[in-house]
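S.K.: Listed below, chain by chain, are the residues.
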Amino acid sequence: MNGSFRQSMAWLHTWSGLLVGWVLLAMFLTGTATYFRPEITRWMEPETGMPADYHIAAAGAAAYLSKVAPDAKSWSITLPNERQATANVSWQPQPKPGEEEKPRRRGRNRDTQATLDAVTGEVVKPRDTRGGEFFYRFHFQMHYLPVIWGRWFAGLCAMFMLVAIVSGVITHKRIFKDFFTFRPTKAAQRSWLDAHNMTAVLALPFHAMITYTGLVTLMALYMPWGVLANYTSDDAYFKAVFPRAEEVERSGVPSPLAPLPKVLDEASKAWGGGRPWIINVSNPGDASARIEVTRHSGDKLSYRGGSLTFDANGKLLSRSPEPGPANVTAGAMYGLHMGRFAEPVLRWVYFLCSLAGCAMVGTGLVLWSVARRQKLPDPERPHFGFRLVEKLNIGTIAGVPAGMAAMLWANRLLPAEMANRSPWEVHSMFILWGGMILYACLRPSKKAWMETLGLAAVMVAALPIVSAVTTPQRNLFANAMRGDWAMVAFDLTLVALGALLAFCGWKAARYKPAAKPKRKARATAIASEAA
Amino acid sequence: MSVAQTAPPAAAKRKGPKGPTVRQRLDVAARAVAAIVVGYVFAALSTAVLARLLPGGPEEATIAATLLSFAVYTTVVVWAFADPKTWRVWLGLAAGCAALGAVLWISLIVEPRL
Amino acid sequence: MTHLAMLLFAYAGFVGICASMAKHQPELLGAKLEPVRQRQVRWGGAAALAAAYACAVLADGWKFGSVEWVGAISLAALTLTLVAPYRPRQAAQAGAGAAFVGAMLLASALLLSVK
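Line order of the protein sequences matches chains A, B and C.
All residue numbers for the first sequence refer to the numbering used here, where the first residue is 1 and numbers rise by one.
All residue numbers for the second sequence refer to the numbering used here, where the first residue is 1 and numbers rise by one.
All residue numbers for the third sequence refer to the numbering used here, where the first residue is 1 and numbers rise by one.
Derived from the structure by calculation, the hints contain no laboratory data.
Keep in mind that the hints are not guaranteed to be accurate.
What the hints assert, rightly or not - Capping the alpha-carbon separation at 20 Å, the derived lysine-lysine pairs in PhoX-like fashion look like this:
no.	chain 1	residue 1	chain 2	residue 2
1	C	K23	A	K173
2	A	K186	C	K23
3	C	K32	A	K177
4	C	K23	A	K300
Owing to the predicted nature of the structure, the values given are computational and were not obtained by experimental measurement.
If we strip away everything but chain A, and leave its shape as in the complex, we get:
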């Protein structure tokens, strides 16, 4: 703007970060949790057992489907990986004669789908919950909004984030000089600025990657114009990019289906050791049956796993064409965002970098208040905008973690037969988040920081106890005895996260703003030193 390039970038950074900062924090926190989506789902479905080898799950699923839907038009089996305890199966019944074929609806159609235990292949009926799926969905499409609006809003926030990252890098002129600089004992503004710089700069590759690739995951929605410039319809484009095998007419000659575990071994061999993920069987029980096996998206950096098609006897018929370089790049960006390829060490690296992202957004929000407080004409009676930001900061930084914990509490405490159980699990998150904002408005800020962070810490850290009391099969010792180390780690992680929140609360309790005149002098010193 009217000033130096760097000053206008500082302005842009401040406002693009602040305006949607609270939504970004909620997106970051739920996105961070989503790296452990299968584990969250397993935690929230204590009725389910342990993960098992996919061969066992595939055999169990095929046995179940040939019992309940022997002459369906198609079957679909989503195999569990080593982190999931259930296989999901669904089937499409033959269209009745004369009835028009309905396009498959997304979402759950309870009559034609089932959740099977990975080991036994028996139907399991876990409590009505959305599990880790909810955090995943909220992360990019919000809640209480039509899905498309939510996705556009998430995309808008992601664009603000991208602009904040670029303008932030331009603004920060001493990236390398201040690389390791953190002065927690200096004046408030200085140490908050250090903390913000540190979490932003040191994990910058992750932040930039996750923001850009996040936009790429929904690019067909946000930027359909490239497709429209080349194709008359979306369908024509999707057919060109994701070609599918032709549908085959039912022959009417019955023929048993090749055993799926053997087909999966064939598939794995064809991929040079890759893992199968989704099996689609069309015309099961017929001689014209086709088995399409899609590769697990976590096998390669690129998300485009590709698929193989087998006939009823398990003979490999065709494989999906190799995607071109741009398509592979798009797949790799998608894959990088999802991080499904990440084996335990890398998954924790993702999780911790993502937590650094949460810290970056949170410290940025706090920094705005801290920097502004010194310029207030009367710090005792700040103007409305300042108060709004401060209260939203408290209510969101403490409220979102507490709300996410509330959802897990509700998962254990709501009665199993309750109507609309899973929606109420979700409501509890927003009730707590909203309640925290309201509470922050009613209390003096410093007390509100301590109390909300304290409550959030207790709510998160107490979850293993809540779980142990309400679901005896899921206490720390039972988990350890079963060798269910993922659930043991889950409980311990909750305690660690609770401790982290408690530490923040303790910091807030000890925080003393320096006397005003001194602060003012230092603030100008900082501004002139930095500008």
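With the hints as your guide, set chains B and C onto chain A.
M.R.: Leaving out everything else, chains B and C in the frame of chain A:
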């Protein structure tokens, strides 16, 4: 880096308890509209044009152009707030959109969509 | 094992680079370094980061390894920056220790893989 410096620089000088002037507010609003709305149109048009002109066949070109679109959009937004003159931002974006639109139009006439 | 070596090398690498910056030397080392020594420390740090990359590639191939390395060095730098203001000398000593243990782990992993 200067976070204390959060107001538009021109406002900072005159900034008293009153905050930014009407003129400054209008300036920010004009830039925001240029950046967010016109910037999106520019990014959309550039994506469409690149999708038609990049080599490697239509699917590949489409994907490559779409992948780049967010970088284009971000650059436009940054520029819209960085350029000292607001009118230049609007003029530049309008001219850019017109040029891209013309290229797209000609390209569509020469070779229709699939 | 190679994963652990990667994390240790990443930390050691940033200790080296941090210790080669004049502004951090008084806290980390208790004294300023000679220019020659300073350059040695910086190259030592860079070498440790390279060793971390080698460990990552060894463990998970160059594609996943590269992703892992970028994340791991980010975390290592964050750890160092968080700890250094409170325990500067220990943070620096831990860097030397990390390099040593990392080298042992990498060596034993290589020996095991040869067999």
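S.K.: Each of the hints needs a verdict: does it hold here or not?
M.R.: Comparing the hints with the structure gives:
1. K23/C with K173/A: Distance of about 17 Å is within 20 Å: holds.
2. K186/A with K23/C: This hinted pair holds, its Cα atoms lying about 16 Å apart.
3. K32/C with K177/A: Holds, at roughly 17 Å.
4. K23/C with K300/A: Given pair K23/C, K300/A is violated - Cα atoms ~43 Å apart, limit 20 Å.
Checked against the numbered hints above, the structure breaks only hint 4 and satisfies the rest.
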